[in-house]
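Enquirer: 178 is the number of the first residue of the sequence shown in my numbering; add one for each residue after it.
Where hints are given, some of them may not hold.
[To be verified] List of simulated lysine-lysine pairs, BS3-like, C-alpha gap at most 30 Å: (1) K187 with K235; (2) K346 with K335; (3) K361 with K235.
Worth flagging that the hints you see were computed from the coordinates, not collected in a lab.
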Amino acid sequence: LDFTRPTEEKGPIIGVTSSMRGEGKSTTAINLSYVLAERGNRVLLIDGDLRIPSIARKMNLSSSPGLTDLLKSSGVQMSDLKSDILSNWYILPSGAIPPNPSELIGSSEMETVLNAFQEVFDYIIIDLPPVNIVSDAVSVSRLITGMVVIVREEYTEKRELDDCLRQLKMSNVKVLGCVINEAKSEIGSYGKYKKGKYKKYYLDD
Numbered sequence: 178l179d180f181t182r183p184t185e186e187k188g189p190i191i192g193v194t195s196s197m198r199g200e201g202k203s204t205t206a207i208n209l210s211y212v213l214a215e216r217g218n219r220v221l222l223i224d225g226d227l228r229i230p231s232i233a234r235k236m237n238l239s240s241s242p243g244l245t246d247l248l249k250s251s252g253v254q255m256s257d258l259k260s261d262i263l264s265n266w267y268i269l270p271s272g273a274i275p276p277n278p279s280e281l282i283g284s285s286e287m288e289t290v291l292n293a294f295q296e297v298f299d300y301i302i303i304d305l306p307p308v309n310i311v312s313d314a315v316s317v318s319r320l321i322t323g324m325v326v327i328v329r330e331e332y333t334e335k336r337e338l339d340d341c342l343r344q345l346k347m348s349n350v351k352v353l354g355c356v357i358n359e360a361k362s363e364i365g366s367y368g369k370y371k372k373g374k375y376k377k378y379y380l381d382d
């Protein structure tokens, strides 16, 4: 990230996504934001998966107040966001699950919120839904600096990753790199993906 971020940009906004569900993107987003904060940066982690949010659960936090509260102009204080682990690490959960997540995540309200956060934070990390399942990650792409794509060894199908990268390219998203998750050897392999795991996401986007 140090080598790929524009040197003149204030508070780069990094999206974390994957091609499909179960690749470890949320855990990677948590770990990435923590490491950046541990280095002395002021970091905000946002749960931008407004369909199946998991950051609050993984961090043992309340899901509200959260991002949807901010986007509805409800009051959220900085003190509500600070983690108990590092004083310069802030976490914004998803808030209540909305009926229109794709529209909300790419809205002008989201742009206003992110612009305000850029004035405060050195890095903003957003956990986003998988690209191949719903359009949310593509919807917010115009508002972010770039995307990190998570690939899980012996799980991700090559065609799924190809489709994911193709969609990001068509949307002019800058892919900052890929993270190989659960790597077991120097040579990765692609396992069979169980299609049933799609069912928890909306399929009509």
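Enquirer: Work down the list of hints and note, for each, if the structure agrees.
Expert: Hint check results:
1. Simply put, K187 and K235 have alpha-carbon atoms about 29 Å apart, close enough for the 30 Å limit, and the pair holds.
2. Taking the CA atoms of K346 and K335, the gap is near 16 Å; set against the 30 Å cutoff, the hint holds.
3. The straight-line distance between the Cα atoms of K361 and K235 is roughly 24 Å, inside the 30 Å bound, and the hint therefore holds.
Hint compliance for this structure: no hint is broken.
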